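**Q** One letter stands for each residue in the lines below.
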Amino acid sequence: MSNLSKLQQVLDSDQFAVTAEIGPPKHSSSEGIRHHAEMMRDYVDATNITDNQTAIVRMSSIAAGAHVLNSGIEPIIQMTCRDRNRIAIQSDLLGAYSLGMCNVLCLSGDHQKFGNHPTAKNVYDVDSMQLIENLRRMRDEKVFFCGEAIKEAEPQFFIGAVANPFADPFEFRVDRLEKKVNAGAQFIQTQCIFDMERFERFMEMVRERGLDQRVHILAGVTPMKSWKAASYMQNNVSGMIVPNELVERLKNAEDPKREGLDICIEQIKYIKEKVKGVHGVHIMAIAWEEVVPEIVEKTGLYPRPKVG
Amino acid sequence: MPEFEPKIVAFCCRYCAYTAADLAGSMRLQYSPNIRVVEMPCSGTIEHGLILNAFEKGVDGVYIAGCNLGDCHFLKGNVRAIKRVAAVKKILDEIGLGGQRLEFFHIPASEGTKFAKVANEMTERIRQLGPSPLNKNAAGNAQKEGGQTV
Amino acid sequence: MIVAQQKPISEIAQMISDCKKVLFLGCAGCVTVCLSGGEKETDVLASAIRIKRTLENNPLEATTFTCTRQCDPEYIAGIDNLVKDVDAIVSLACGVGVQYLAERFMDKWVVPAMDTKFAGGSVVHGLWEEKCGLCGECILHRTGGICPIIRCSKSILNGPCGGSQYGKCEINKDIDCAWQLIYDRMKALGKLDKLMEIQPLKDWSKSRDGGPRKSIREDVMIDE
Ligand code: SF4
Ligand code: SF4
Numbered sequence: 001m002s003n004l005s006k007l008q009q010v011l012d013s014d015q016f017a018v019t020a021e022i023g024p025p026k027h028s029s030s031e032g033i034r035h036h037a038e039m040m041r042d043y044v045d046a047t048n049i050t051d052n053q054t055a056i057v058r059m060s061s062i063a064a065g066a067h068v069l070n071s072g073i074e075p076i077i078q079m080t081c082r083d084r085n086r087i088a089i090q091s092d093l094l095g096a097y098s099l100g101m102c103n104v105l106c107l108s109g110d111h112q113k114f115g116n117h118p119t120a121k122n123v124y125d126v127d128s129m130q131l132i133e134n135l136r137r138m139r140d141e142k143v144f145f146c147g148e149a150i151k152e153a154e155p156q157f158f159i160g161a162v163a164n165p166f167a168d169p170f171e172f173r174v175d176r177l178e179k180k181v182n183a184g185a186q187f188i189q190t191q192c193i194f195d196m197e198r199f200e201r202f203m204e205m206v207r208e209r210g211l212d213q214r215v216h217i218l219a220g221v222t223p224m225k226s227w228k229a230a231s232y233m234q235n236n237v238s239g240m241i242v243p244n245e246l247v248e249r250l251k252n253a254e255d256p257k258r259e260g261l262d263i264c265i266e267q268i269k270y271i272k273e274k275v276k277g278v279h280g281v282h283i284m285a286i287a288w289e290e291v292v293p294e295i296v297e298k299t300g301l302y303p304r305p306k307v308g
Numbered sequence: 001m002p003e004f005e006p007k008i009v010a011f012c013c014r015y016c017a018y019t020a021a022d023l024a025g026s027m028r029l030q031y032s033p034n035i036r037v038v039e040m041p042c043s044g045t046i047e048h049g050l051i052l053n054a055f056e057k058g059v060d061g062v063y064i065a066g067c068n069l070g071d072c073h074f075l076k077g078n079v080r081a082i083k084r085v086a087a088v089k090k091i092l093d094e095i096g097l098g099g100q101r102l103e104f105f106h107i108p109a110s111e112g113t114k115f116a117k118v119a120n121e122m123t124e125r126i127r128q129l130g131p132s133p134l135n136k137n138a139a140g141n142a143q144k145e146g147g148q149t150v
Numbered sequence: 001m002i003v004a005q006q007k008p009i010s011e012i013a014q015m016i017s018d019c020k021k022v023l024f025l026g027c028a029g030c031v032t033v034c035l036s037g038g039e040k041e042t043d044v045l046a047s048a049i050r051i052k053r054t055l056e057n058n059p060l061e062a063t064t065f066t067c068t069r070q071c072d073p074e075y076i077a078g079i080d081n082l083v084k085d086v087d088a089i090v091s092l093a094c095g096v097g098v099q100y101l102a103e104r105f106m107d108k109w110v111v112p113a114m115d116t117k118f119a120g121g122s123v124v125h126g127l128w129e130e131k132c133g134l135c136g137e138c139i140l141h142r143t144g145g146i147c148p149i150i151r152c153s154k155s156i157l158n159g160p161c162g163g164s165q166y167g168k169c170e171i172n173k174d175i176d177c178a179w180q181l182i183y184d185r186m187k188a189l190g191k192l193d194k195l196m197e198i199q200p201l202k203d204w205s206k207s208r209d210g211g212p213r214k215s216i217r218e219d220v221m222i223d224e
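Chains as they are written, first to last, in the working numbering: chain A, 1 to 308; chain B, 1 to 150; chain C, 1 to 224.
FYI, nobody ran anything at the bench for these hints, they're computed from the structure. Note that the structure is predicted; figures quoted are calculated from it, not measured. Hints may contain errors.
[Stated by the list, open to error] List of simulated lysine to aspartate or glutamate pairs, EDC-like, C-alpha gap at most 20 Å: (1) C:Lys191 - A:Glu248; (2) A:Lys298 - A:Glu248; (3) C:Lys194 - A:Asp175; (4) B:Lys136 - C:Asp85; (5) A:Lys228 - A:Asp212; (6) A:Lys113 - C:Asp176; (7) C:Lys194 - A:Asp262; (8) C:Lys20 - B:Glu56; (9) C:Lys168 - A:Glu178; (10) C:Lys20 - C:Asp85; (11) B:Lys57 - C:Glu11; (12) B:Lys89 - C:Asp107; (13) B:Lys136 - C:Glu56; (14) C:Lys187 - A:Asp175; (15) C:Lys40 - B:Glu111; (16) C:Lys108 - C:Asp72; (17) C:Lys187 - A:Glu178; (18) C:Lys21 - B:Glu56; (19) C:Lys40 - B:Glu56; (20) A:Lys121 - C:Glu130; (21) C:Lys191 - A:Glu178; (22) A:Lys272 - A:Glu248; (23) C:Lys117 - C:Asp107; (24) A:Lys113 - C:Asp72; (25) C:Lys40 - B:Glu47; (26) B:Lys90 - C:Asp72; (27) C:Lys191 - A:Glu171; (28) C:Lys173 - C:Asp184; (29) C:Lys20 - C:Glu56; (30) B:Lys90 - C:Glu56; (31) C:Lys187 - A:Glu171; (32) B:Lys57 - C:Glu61; (33) A:Lys251 - A:Asp195; (34) C:Lys194 - A:Glu171; (35) C:Lys21 - C:Glu130.
Build the full structure now, drawing on both the sequences and the hints.
**A** Next comes the structure, spelled out in structure tokens:
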């Protein structure tokens, strides 16, 4: 069995990809995610399904991914290293692939300190780099993480990773991206971009090393609802840079939500036209999924290409 | 009923409070006779265990007297003493004896009056608190006065 | 050394509330150095609990002693006579000492006065920090002498993660990002290329995950 990733086909055929994000609910009903999936279906190539994001217990990313898949969108299963050891990771991903999911995004995961179970024990048996490398080996060398052969039906994941141009040490961020590409990452989604200047510097270094030729980079963007949300991110989320001008612009806006959307739309247009080496955009409309179609339309990214 | 006469130990630094006590004497200042003064080479030589031992022996109150901040003969002895006193106060609160029975005071060598004032204040404070429940001689007293016995 | 911290007095008192005669046993090893379970601390704890019990009309006979090392059968063998007629032993050693006592004095109630925290050292007087996760297979030669296993909040071997900012770890602005430190050190040593090697999956079986471990030096073992 081999699942064909639509996202991969879009990217490999040099088309500008669009992905979004669906956060599974803090309960056991699939209604909301199916609703979001149906709403976004024609506007994105795939959606990330977050894995207990910020360490808050939610429906499992793979179960939620199954609902999303049934609603007609291709999921990108996020897999963090926080909650599962190498046994559980492989087992869960074999299961995900058997359900028809073929995109996986490897991340370390937010520390449990931030979530609703701060007294939990974390796992971190594997780190994101090792996860990427070993998933590639599963696919290309047909072996489990331990080296033992997978006799049949090895999962052939389209392997994604994240990069954060806004974290430190800045000079090492491109090195680490390269390390991830060497490990086997095929697509990269970046942290939300608010500081365009820094992102452009990052991309310049990426291009200098030819990394944009070796991996598909999707620029992460987030529409913001209010200046308070922006200022919260500015001060409380480690690894984010939110320039003051942005906060001010939202503060002075008559209709901050409208302004937030406009900013996001401007950013995408700018990235698409001006920043070389970016192959797509990843829209993280956190708890604001309904604006994704509008953003996609207004940035001229609609309709999505038909592939497969 | 005769008024309760507390037994109080004052650990006094030789370079300041102890000298101030002498001065108070030569100035013929009246101060509480309830205070037993113990001379210390520095207030910083006080130890947690020493304070607790005094309470175990049945004293009703303890205070440590050292130099003003910045005037310690050994530079920082008084700072250390203040921290230790705070730590022991916490223990006293935790075990139910009450941290108010313990205090730190700054008494410079030249201030005989302050020495007398502190002695009187502390005596009054402890008198208000009543005898220590560990003070065997005043044990009956403690019950009557609703001391901190549980 | 092993760094431990005393539990709240009320918790310790609770563990021995029905005992009349108790030995408070300090340790002259690590816990003396980290000022938590040496002779002084043992006396203070015994004194405090004695006072507490008197106030509760449940007097306690408390004796104190400080062993050279509680993690060595040789040294605890020497306290047999002190233990003989007590109802309980409150150990101010790390968890290792408590267990050696429990093993030797089978019929005694042995309780821990300490929370054993980590392997580390002192930063300044009165402050200790964790340095080693006792992983069983040291990799400090690959990380510039800075341990990512325990000093990185996520034990990342190919860091730093995306939460590292301004030199600090994402979990707390007071905690240095271990990977920033590793980066800085490797850079200063001119060895940044080493950080481009993908560190393979760690063999945690050499750590606690392989079950309780033993360490052996046959050449010093005494033949029967
Ligand atoms: S690598 Fe392992 S042995 Fe070395 S310092 Fe870190 S935890 Fe300790
Ligand atoms: S910020 Fe640094 S220390 Fe903290 S988890 Fe990330 S890499 Fe580890």
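**Q** Against which earlier hints does the structure fall short, listed by number upward?
**A** 1, 2, 4, 5, 7, 9, 11, 12, 15, 22, 23, 24, 26 and 35
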